[in-house]
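**Student:** Protein chains in written order, with the numbering used here: chain A, 1 to 323; chain B, 1001 to 1341.
These aren't lab readings, by the way, just hints derived from the structure by calculation.
Among the hints, a few may not be true.
Distance condition first, Cα-Cα at most 25 Å in a straight line; then the derived SDA-like pairs of lysine to any residue [what the hints assert, rightly or not]:
id, chain 1, residue 1, chain 2, residue 2
1, B, K1150, A, K185
2, B, K1156, A, S109
3, B, K1062, A, E164
4, B, K1083, A, Q232
5, B, K1127, A, L251
6, B, K1150, A, P144
7, A, K267, B, M1317
8, B, K1150, A, F295
9, A, K60, B, C1321
10, B, K1156, A, P299
11, B, K1064, A, S109
12, B, K1050, A, V248
13, B, K1290, A, E164
14, A, K267, B, K1127
15, B, K1064, A, D270
16, B, K1122, A, S262
17, B, K1064, A, Q232
18, A, K185, B, R1295
19, A, K60, B, M1317
20, B, K1127, A, S281
21, A, K267, B, E1142
22, B, K1064, A, V248
Restraint-style ranges between C-beta atoms, simulated for each label pair [as the list claims (entries may be wrong)]:
id, chain 1, residue 1, chain 2, residue 2, range
23, A, I273, B, K1156, 23 to 29 Å
24, A, L296, B, A1328, 44 to 50 Å
25, A, L296, B, E1159, 17 to 23 Å
No residue lacks a Cβ here, since even glycine has one placed at the ideal position from N, Cα and C.
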Amino acid sequence: MKFDGTTLHKYTKEKKVGEGTYAVVYVGKQEFSHRQVAIKEIKTGLFKDGLDMSAIREVKYLKELRHNNVIELVDVYMSPDKNLNLVLEYLPCDLEVLIKDTSVVFKSSDIKSWLLMTLRGLHHCHRNFILHRDLKPNNLLLSPDGELKLADFGLARAFGSPNEDLTPKVVTRWYRAPELLFGAKHYTGAVDIWAVGIIFAELMLRIPYLPGKDDVDQLDVTFKALGTPTEQIWPNVSSLPNYDALKVYPLPSRQELRNRFSAATDKALDLMIMMTQLDPSRRFDTTRCLQDDFFLEQPLATSPKDLPTKSSGGDEKRRKTNA
Amino acid sequence: MEDERSNDMCPVCKTDRYLSPNMRFLINPECYHKICESCVDRIFSLGPAKCPYPKCNKTLRKNKFKNQLFEDINIEREVDIRKRVLAVYNKIEEDFDTLQDYNAYLEKIEEMVYNLTNNINKEEIEKEISQYQTEHNIEILERATRESQKNEDWTKLQEAQETLRQAKLQLIKDKEEEGVAEQKQRRLKLVELLQNSDVDPEELMKQHRAETSQRSSQRERDIKTLSKQLEEKILQAAVNAQGGVEAGPQTPFTPFCGDRNQFSNYTLLGKPANDLVDITDSYHDPYVNKLAQNREYLGSGWRLKTVYERALDEAFMGLNCFIDIEKAEQSQAQDSAPLAT
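Starting from the given sequences, assemble the full structure and let the hints guide the process.
**Tutor:** Right under this line is the structure:
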């Protein structure tokens, strides 16, 4: 990683593709290899105390991780106006776009394949003791050859040190695990598994599974669907800071879940139930998920290159072939 | 015991079997009071409601209602209880090391079932069962799926064999019909010959008879070989069903894509450090062990094991480069290189 002028001329920005509160994203090229890349320019000056935290987190963890199912951080450089630029692998599509595109039909093997790739990427993060903390379809990017990659490590952080408080205000609301909703400060990789479980459900339903309108409503929606946790099914839950069981919903029966997910096989349902256990210590970890029989059941996962892609936007596709 | 009349009358709506012969009685395993089907529909359609029997305060749900299988309600109850207990205590003989352990386990189940049916220490036992269930939830689920997998395989095998058997019967039938039709045709031909040709009729009859016997034995042989082939297919199907995969994909599925740290690269007390359960028992760090008492920590999913795991990983895995292993591989490659060229 070099922060000097020579690095700068290695990349060209071609087109602005998006702008967020703290960054602008461009599509560009790596000069010498003509490889298409995405360049994320972090806005400075907005922050009094130097750089934005999420940019630092993103660099810190992506530099460490290298896996087929995690976005690649190609380079980092400083532009003349003193802005920080992250050079990332260019991934033209994400899972949210596909879920919303009603002209695309998902086969059960496609869903299996995406889930598998998500879990493999997440397994790599967790075995390196890194929590992603912002998993949602929007952050699962798809490469032109169909590979799914975890992206946006702006909220990622290390876990496993004994006595550090973690903030419970993480993860996009709809994918937030119950322990986070209760304000837990010592959570684990189980929060990511919950998010993946909810994404799994969303892939089957094609609509968000637990869309809470606000943080209070999220509790209500979550427990209406999956039951209100009690000391009996989740030991020590009442010691969590914001624990509240005013409205007690019964645990859903298997039949209720089966009715909701009418297309799911028994094994798919089992895995989803284990990924959305209310008690984080009872939720499967990535290893258990990957070893689940669901992935051995016919039909097997579609190979990435055969997965459906964005149907509209032929212009997008042409660009892909040029790359 | 109830008399004949009350047996045929719904005690809730007083409908009689005499007037509505199609009525069916349902019971709910909460209290085993029998209620006719139309009453169940009427009372419980809108959600859980109280049992309509006077003094019975149980809340019942519609989906729990079922047909009564046994006339004696006590037997019905025992069967239900047994089903419920066995769903939790679902170990099989192979899960035990000795027959004695297995027998003790069975004995325990029997005792629980007996006590539950006869309301002896009922609450205590219920508590024990639910505790066992929460503690062993995952194992129970695993065993249940294993069992259903087994049954599935077996039914698949049965189905495959059945279809093949049907095919075999059909084939034999077809062959026979074909034979009959052919014979008929040949007889017609013979009659025609007898009428029109000037060959000796005796000779023609003889020829015909010889041909017929030849044909029929030929047919029998055909049927025999065909059925043999089919039987081989049945056997093949059986082997396939037991072997699981028929013609699987070319590359076998690997959940971790061949990238898994199955074994740690360090040892603990001379043992591979995969199972850290041991160390949480034998190693005592006063500071961290005190945290493990904190209910808020435990409720969030925080576990002692993760802390030790990360500490050990960071201490021993380093940069995940193992020079001695790499060197050994290198020298091995050098050794084998001249042989290869």
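**Student:** Each of the hints needs a verdict: does it hold here or not?
**Tutor:** Outcome of the hint check:
no.	hint	verdict
1	B:K1150 - A:K185	violated (43 Å)
2	B:K1156 - A:S109	holds (22 Å)
3	B:K1062 - A:E164	violated (49 Å)
4	B:K1083 - A:Q232	holds (23 Å)
5	B:K1127 - A:L251	holds (18 Å)
6	B:K1150 - A:P144	violated (41 Å)
7	A:K267 - B:M1317	violated (36 Å)
8	B:K1150 - A:F295	holds (18 Å)
9	A:K60 - B:C1321	holds (20 Å)
10	B:K1156 - A:P299	holds (16 Å)
11	B:K1064 - A:S109	violated (35 Å)
12	B:K1050 - A:V248	holds (19 Å)
13	B:K1290 - A:E164	holds (14 Å)
14	A:K267 - B:K1127	violated (29 Å)
15	B:K1064 - A:D270	holds (22 Å)
16	B:K1122 - A:S262	violated (38 Å)
17	B:K1064 - A:Q232	holds (23 Å)
18	A:K185 - B:R1295	holds (12 Å)
19	A:K60 - B:M1317	holds (19 Å)
20	B:K1127 - A:S281	holds (22 Å)
21	A:K267 - B:E1142	holds (11 Å)
22	B:K1064 - A:V248	holds (21 Å)
23	A:I273 - B:K1156: 23 to 29 Å	holds (25 Å)
24	A:L296 - B:A1328: 44 to 50 Å	violated (35 Å)
25	A:L296 - B:E1159: 17 to 23 Å	holds (21 Å)
Taken one by one, the earlier hints fail for this structure at numbers 1, 3, 6, 7, 11, 14, 16, 24, listed in ascending order.
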